[in-house]
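Top line first, the protein sequences correspond to chains P and V. Note that the first sequence covers residues 1 to 447 in UniProt numbering. Note that the second sequence covers residues 1 to 447 in UniProt numbering.
If you're looking for bench data, these hints aren't it; they were derived computationally from the structure. Among the hints, a few may not be true.
Chain copies aren't distinguished; within one or between two, either way the pair holds.
Straight-line alpha carbon distances no greater than 20 Å define the calculated EDC-like cross-link-like pairs of lysine to aspartate or glutamate that follow [unchecked claim]:
{"id": "1", "residue 1": "K296", "residue 2": "E182"}
{"id": "2", "residue 1": "K252", "residue 2": "E263"}
{"id": "3", "residue 1": "K252", "residue 2": "D375"}
{"id": "4", "residue 1": "K296", "residue 2": "D322"}
{"id": "5", "residue 1": "K252", "residue 2": "D229"}
{"id": "6", "residue 1": "K296", "residue 2": "D316"}
From a predicted model like this one, the values you see are computed outputs, not experimental measurements.
Number of protein chains: 2
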Amino acid sequence: MTTARFMHLNAFLMTTGHHEASWRLPESDPHAGTDLAHFTHLARLAETGRMDSVFFADSPGLQGDVGRRPSGILDPTMLLAALAAATEHIGLIATASTTYNDPFNLARRFASLDHLSGGRAGWNIVTTANVEAARNFGLETQPTHHDRYERAAEFVDVTRKLWDSWTDDAVLGDKQAGVWAESSRVRPINHHGWHYRIGGPLNTPRPPQGHPVLVQAGSSTEGKDFAADHAEAIFTAQQTLSHAQTFYSDVKTRISHTGRDPERVKILPGVVPVIGSTEAEARQVAEQLDELIVTKHAHTQLARTLRRHPDELPLDRPLPADLPTEDDIEGAKSRYSLIVTLAREENLTVRELIGRLGGGRGHRTFTGTPEQVADTLQHWFTTGAADGFNIMPAVLPSGLQAFVEHVIPLLQQRGLFRTDYTGTTLREHYDLSQPGNQYEHEHAAIA
Amino acid sequence: MTTARFMHLNAFLMTTGHHEASWRLPESDPHAGTDLAHFTHLARLAETGRMDSVFFADSPGLQGDVGRRPSGILDPTMLLAALAAATEHIGLIATASTTYNDPFNLARRFASLDHLSGGRAGWNIVTTANVEAARNFGLETQPTHHDRYERAAEFVDVTRKLWDSWTDDAVLGDKQAGVWAESSRVRPINHHGWHYRIGGPLNTPRPPQGHPVLVQAGSSTEGKDFAADHAEAIFTAQQTLSHAQTFYSDVKTRISHTGRDPERVKILPGVVPVIGSTEAEARQVAEQLDELIVTKHAHTQLARTLRRHPDELPLDRPLPADLPTEDDIEGAKSRYSLIVTLAREENLTVRELIGRLGGGRGHRTFTGTPEQVADTLQHWFTTGAADGFNIMPAVLPSGLQAFVEHVIPLLQQRGLFRTDYTGTTLREHYDLSQPGNQYEHEHAAIA
Numbered sequence: 001m002t003t004a005r006f007m008h009l010n011a012f013l014m015t016t017g018h019h020e021a022s023w024r025l026p027e028s029d030p031h032a033g034t035d036l037a038h039f040t041h042l043a044r045l046a047e048t049g050r051m052d053s054v055f056f057a058d059s060p061g062l063q064g065d066v067g068r069r070p071s072g073i074l075d076p077t078m079l080l081a082a083l084a085a086a087t088e089h090i091g092l093i094a095t096a097s098t099t100y101n102d103p104f105n106l107a108r109r110f111a112s113l114d115h116l117s118g119g120r121a122g123w124n125i126v127t128t129a130n131v132e133a134a135r136n137f138g139l140e141t142q143p144t145h146h147d148r149y150e151r152a153a154e155f156v157d158v159t160r161k162l163w164d165s166w167t168d169d170a171v172l173g174d175k176q177a178g179v180w181a182e183s184s185r186v187r188p189i190n191h192h193g194w195h196y197r198i199g200g201p202l203n204t205p206r207p208p209q210g211h212p213v214l215v216q217a218g219s220s221t222e223g224k225d226f227a228a229d230h231a232e233a234i235f236t237a238q239q240t241l242s243h244a245q246t247f248y249s250d251v252k253t254r255i256s257h258t259g260r261d262p263e264r265v266k267i268l269p270g271v272v273p274v275i276g277s278t279e280a281e282a283r284q285v286a287e288q289l290d291e292l293i294v295t296k297h298a299h300t301q302l303a304r305t306l307r308r309h310p311d312e313l314p315l316d317r318p319l320p321a322d323l324p325t326e327d328d329i330e331g332a333k334s335r336y337s338l339i340v341t342l343a344r345e346e347n348l349t350v351r352e353l354i355g356r357l358g359g360g361r362g363h364r365t366f367t368g369t370p371e372q373v374a375d376t377l378q379h380w381f382t383t384g385a386a387d388g389f390n391i392m393p394a395v396l397p398s399g400l401q402a403f404v405e406h407v408i409p410l411l412q413q414r415g416l417f418r419t420d421y422t423g424t425t426l427r428e429h430y431d432l433s434q435p436g437n438q439y440e441h442e443h444a445a446i447a
Numbered sequence: 001m002t003t004a005r006f007m008h009l010n011a012f013l014m015t016t017g018h019h020e021a022s023w024r025l026p027e028s029d030p031h032a033g034t035d036l037a038h039f040t041h042l043a044r045l046a047e048t049g050r051m052d053s054v055f056f057a058d059s060p061g062l063q064g065d066v067g068r069r070p071s072g073i074l075d076p077t078m079l080l081a082a083l084a085a086a087t088e089h090i091g092l093i094a095t096a097s098t099t100y101n102d103p104f105n106l107a108r109r110f111a112s113l114d115h116l117s118g119g120r121a122g123w124n125i126v127t128t129a130n131v132e133a134a135r136n137f138g139l140e141t142q143p144t145h146h147d148r149y150e151r152a153a154e155f156v157d158v159t160r161k162l163w164d165s166w167t168d169d170a171v172l173g174d175k176q177a178g179v180w181a182e183s184s185r186v187r188p189i190n191h192h193g194w195h196y197r198i199g200g201p202l203n204t205p206r207p208p209q210g211h212p213v214l215v216q217a218g219s220s221t222e223g224k225d226f227a228a229d230h231a232e233a234i235f236t237a238q239q240t241l242s243h244a245q246t247f248y249s250d251v252k253t254r255i256s257h258t259g260r261d262p263e264r265v266k267i268l269p270g271v272v273p274v275i276g277s278t279e280a281e282a283r284q285v286a287e288q289l290d291e292l293i294v295t296k297h298a299h300t301q302l303a304r305t306l307r308r309h310p311d312e313l314p315l316d317r318p319l320p321a322d323l324p325t326e327d328d329i330e331g332a333k334s335r336y337s338l339i340v341t342l343a344r345e346e347n348l349t350v351r352e353l354i355g356r357l358g359g360g361r362g363h364r365t366f367t368g369t370p371e372q373v374a375d376t377l378q379h380w381f382t383t384g385a386a387d388g389f390n391i392m393p394a395v396l397p398s399g400l401q402a403f404v405e406h407v408i409p410l411l412q413q414r415g416l417f418r419t420d421y422t423g424t425t426l427r428e429h430y431d432l433s434q435p436g437n438q439y440e441h442e443h444a445a446i447a
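This is chain P alone, in the form it adopts within the complex (with noise of 0.2 Å):
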């Protein structure tokens, strides 16, 4: 593996930052989460440092304590739509869940957004794993991770099936002979599965991409297969060089397994970058932010998470040591198997490890100056880590001006990143192929 190729950059944008203290922050506004000039601005840093995409997590349903930090988010396909018509050439990547959209309301939004966005448009499928989405959504327990991801196969299936429902050229706009476009080339799908009927056609005409980018995060071993069969961009946290090493090379083997060309898929961990002109600056930076986390909230959240009562992880002590097994965790599995491990590998307190998981949430946090963190970046690019990074500011928007001011000239400098975008679409970006119409030979018989 050499330096030629690029690097991609994500800019995961999380109204204040990722740090959940970050909003204490004096710079911080606590109301950026409804603001769409702050994200605007956001959005434009990024493509300034021809970052490839911006990227906007969700779920369908309040968690946790809304005393904690900012949680009342925006719909992130609408975030996006506003920002297409606010930027020119980054990516716009948004999570929906296919556990709680309907297809063909869904694959209708991300066709418009790319749409809108002259084929910027990407989608992070998730099965979405908590119980406050299912009861906004009639159910009163969450459906199991299996069958969420069964669901999502046959999701993700009749979703391209609907944006293959139109070829690329069915609007002939034949104003002589008045035929707007050719109806034998927008046909029905009438998808019949398990789970989904489905008429069709789409009542849009097929995305400029052909199809959104396909992002999948699920790092679970029914999360990897999935990725392994529809993802072009994974979202990983990996907290070590040789985890991230592991994870990479595993999930290349799957790729390779369906017949896929494995690098036509980016595997992006998600690194926290805390950034300071010296290594004493930056470490001040990550103490004053570690400061500032309540404690009380931070600990309710891991318990929460660990599917224990506060009271029984004492702060000071380590984990228990009866906790279940990621086998008995229903949603988000690996990253419950991250904070464990990570707390057991590290012997950290309860305490120590609140503080670990403030910043990034099992994410890596580089804390140093912007030729350490861009050495670091450098050396899992190029041992089998990375095909790029998921950027993930512990404060917005100073986290992610200090990266494209100090981090990406670096990385350009040494032939790691590109110094001008070169393509028009979030696929050239992230140089993936254009995919081909699955009913081209119907299309054509008909015509």
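The hints should help you fit chain V onto chain P, whose structure is shown.
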């Protein structure tokens, strides 16, 4: 009623215009329907004219022949999110179906649009009357008219609860104390109804307008009662002044009976202005458009609306005597009656009827000079037929441009329309009150 009140003007935007042959004109771009720049231009034109709002219709299913006219369109909530970023003042109203959406997701989308636009969102509530949509959501046939309205009432009820699940002042942003939101001001809704069971709270703070403005366009008896209960603005198709006056007084009376203030519900008949510098020029524009109608397409469409085979509707004969009554029609009931009544009252042949419907699909076409169009609007506005108008240009952008440049200044000179925006929200433009929070007392009691 005096002219001291201002009329309200909504720009109903439809790709290349409301005339079904508009896309065939030399000025029209057949690909305009997926082009954000086209819609940005239109929304800014309407904003230049100080119009109250722009509006997009929608149905989650592709109807009729795609050869006929631009028919695959973007999800209007997504398009309006993009336009929120590209405009500053104008209201943004999208149609969305209560039959084919989840209340949680839709409540959140409109809350998001309201936040993104600083309080400019409106929702045109429809129950969706077509079997193509039903087939995209696992159904073989569409639910009955009555079932759809029953579901719509509960849908609107639960949506309002979700919007009220956060108080306006829930987000404290208290950095010192480390409390982002006051948890007693964010509450579950625990809705257990006939059709929906939803826990809540919404995961988006209360919209700036409290609730986005609710718009309705059903004109059947059930539709009018629904409007009387819920709507703040009503779009309606009325062919004659006397029909419009009857509708206006009927609906205002129904609103009084619900205990609501009829002045706070605006009734806006649809009008298709076709404008020329002389009456003859205006007629020429209209005739040029009508000549471009492909009779076969329009004939098929009319037959579909009348539930007949085209062969049963010879072009040069009047409508058959034995058409079904409105009671037998499931959906778009009042539109059906309007078309049949128009044909019968004016003794039109099928061919003549097609010509009359080409421009406005049942909406009133006003062909003439700017003065003539302004006179007619003024007459309807001052004789108890309208609180304003749903402006449906036959051709876009030119028809909207002509209206904004030549008709609106006349209305302004006559003191019938604002010369500048005096508010920032859609509610303020339409002179509507801000809804209180239904949980105000519970929230207070908890706190």
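- Alpha-carbon proximity between K252 and D229, which holds within one copy, between copies, both or neither at 20 Å: within (11 Å within a copy, 58 Å between copies)
- Could you figure out if K252 and E263 sit no more than 20 Å apart (CA to CA) within one copy, between two copies, both or neither? Within. Shortest intra-copy distance 8 Å satisfies the 20 Å Cα cut-off; inter-copy 65 Å does not.
- Task: State whether the alpha carbon distance between K296 and D322 is at most 20 Å within one copy, between copies, both, or neither.
- Result: neither (23 Å within a copy, 74 Å between copies)
- Item | Intra- versus inter-copy proximity for D375 and K252 (alpha-carbon distance at most 20 Å) | Answer is neither; intra-copy 24 Å and inter-copy 71 Å both fail.
- Query: With identical chains treated as interchangeable, where does the CA-CA distance between K296 and E182 reach 20 Å or less: within a copy, between copies, both, or neither?
  - Reply: The answer is between: 15 Å across copies meets 20 Å, while 62 Å in one copy does not.
- Message: At most 20 Å between alpha carbons: which applies to K296 and D316, within, between, both or neither?
- Response: Within one copy only: 13 Å inside a chain, 80 Å across chains, cut-off 20 Å.
Of the numbered hints stated above, those contradicted by the structure are hints 3, 4, listed in ascending order.
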